[in-house]
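Line order of the protein sequences matches chains F, Y and R. Residue numbering for the first sequence follows numbering that gives the first Met the number 0, beginning at 0 and increasing consecutively. Residue numbering for the second sequence follows numbering that gives the first Met the number 0, beginning at 0 and increasing consecutively. Residue numbering for the third sequence follows numbering that gives the first Met the number 0, beginning at 0 and increasing consecutively.
Possibly wrong hints are sitting among the right ones.
What the hints assert, rightly or not - Computed cross-link-like contacts, DSS-like style, restricted to lysine-lysine with a CA-CA straight-line distance of at most 27 Å:
| no. | chain 1 | residue 1 | chain 2 | residue 2 |
| --- | --- | --- | --- | --- |
| 1 | R | Lys-102 | Y | Lys-99 |
| 2 | R | Lys-102 | Y | Lys-103 |
| 3 | F | Lys-34 | R | Lys-103 |
| 4 | R | Lys-34 | R | Lys-102 |
| 5 | Y | Lys-34 | Y | Lys-99 |
| 6 | Y | Lys-34 | F | Lys-99 |
| 7 | R | Lys-102 | F | Lys-34 |
| 8 | Y | Lys-102 | R | Lys-102 |
| 9 | F | Lys-103 | Y | Lys-34 |
| 10 | F | Lys-102 | Y | Lys-34 |
To be verified - Residues of chain F placed beyond 12 Å of chain R at every Cβ, according to the derived structure:
| no. | residue |
| --- | --- |
| 11 | Ser-4 |
| 12 | Ala-23 |
| 13 | Pro-44 |
| 14 | Val-62 |
| 15 | Ser-75 |
| 16 | Met-85 |
| 17 | Ile-112 |
| 18 | Val-116 |
By construction, these hints were calculated from the structure, which means they are not laboratory data. Even for Gly, the Cβ is constructed at its ideal location relative to N, Cα and C.
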Amino acid sequence: MASDSMFLLAGVSLLSAMQMGYLARRVGLSRIAHKVMPPSVTGPPEFERTFRAHQNCVECYPVFLVTLWTCGVFFSEVAAAGGGLMYIIARQIYFNGYVKSNKKRLPGFYLTITVFVILSLLGLTGILCGILHKYFNIHL
Amino acid sequence: MASDSMFLLAGVSLLSAMQMGYLARRVGLSRIAHKVMPPSVTGPPEFERTFRAHQNCVECYPVFLVTLWTCGVFFSEVAAAGGGLMYIIARQIYFNGYVKSNKKRLPGFYLTITVFVILSLLGLTGILCGILHKYFNIHL
Amino acid sequence: MASDSMFLLAGVSLLSAMQMGYLARRVGLSRIAHKVMPPSVTGPPEFERTFRAHQNCVECYPVFLVTLWTCGVFFSEVAAAGGGLMYIIARQIYFNGYVKSNKKRLPGFYLTITVFVILSLLGLTGILCGILHKYFNIHL
């Protein structure tokens, strides 16, 4: 467990935050293109898919941050940063696919789930080892 | 204020992240059961309640993480972890209740608010004591 | 980069979490005033604007937390805390404006974007300097 500054995790987090801003902007541009004025969230199918794609990313984002940082702090910073970059790519594939059609959201969706499972399992491993070590004096 | 590794907070955070994944899955299963295909978010009342129950958890989740960690870092890790487990249970009661009927969402909702108030007040106490100590040299 | 306790960042984070609770309460009060019962999210224009204003804050909130903490940890805690207070004010202006009319959401919206750009750029500067220092031994 690294105790010094987590530059890679912070960098990936900031990059993912910028991606969230970019995806929100894409929804705004889709509003203009399809003449869907706020606060309405219904309109042509392409707008609704773009809107839902962004909403899904909003739903996933705090879960991503928790799994990124638990994996990075309690297992390996480099592994977590790699997983984080894969997550950002997965979300971009998901978003771009979903904008085109319902079915094209699936590859990016499955890649997102895969990253979540990997980050969670590595983080869980690190936390359980830490708890065994700290509270039960068991070293694995 | 503990400066060493926050295994309990990290463990509760990861558990709550997994719960968020589980609740998202429940919405997906409700989509299949009620034949509501994405990106649509309207359908039979039970689907709409399931969808809103999940959305409410999405709205609460970053607020939970902030109150969990401020309470855990600046007041007491064990108290925060206990509050965090209560939050996870409260959200499950809320979600399961809301799926059944509008009214049955209320017990879990009030329990969630109670946990938020407790975690916030403890975290606020810890932060104010820390600020008085660090910037004004006042020890309480 | 300060390694000791981040009381100001934690205080601003907790304050922003309380604001999120307050804005959620405002949506609840708007439901009662316009007789829009959950799980419905459609109703009179004022309710729909209030609902969307809150949703927009939900979308922004994790992005805010990431930019606040990266700026605070890797650039300057005081600058980040100041930016964080500006964010809270910007969101309140946005919310109150949006409740009144579509157009009145814009000043608070632009102020929010400004805060995001400042926090992100400062955080990015700090992280890049840190990476150059740690991995390439370059001091700026």
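Verification of the supplied hints:
no., hint, verdict
1, R:Lys-102 with Y:Lys-99, "violated, 39 Å"
2, R:Lys-102 with Y:Lys-103, "violated, 38 Å"
3, F:Lys-34 with R:Lys-103, "holds, 19 Å"
4, R:Lys-34 with R:Lys-102, "holds, 25 Å"
5, Y:Lys-34 with Y:Lys-99, "holds, 18 Å"
6, Y:Lys-34 with F:Lys-99, "holds, 21 Å"
7, R:Lys-102 with F:Lys-34, "holds, 16 Å"
8, Y:Lys-102 with R:Lys-102, "violated, 36 Å"
9, F:Lys-103 with Y:Lys-34, "holds, 19 Å"
10, F:Lys-102 with Y:Lys-34, "holds, 16 Å"
11, Ser-4, "violated, 6 Å"
12, Ala-23, "violated, 7 Å"
13, Pro-44, "holds, 19 Å"
14, Val-62, "violated, 10 Å"
15, Ser-75, "holds, 16 Å"
16, Met-85, "holds, 18 Å"
17, Ile-112, "holds, 19 Å"
18, Val-116, "holds, 21 Å"
In summary, the structure is inconsistent with hints 1, 2, 8, 11, 12 and 14 from the numbered list given earlier, while agreeing with the others.
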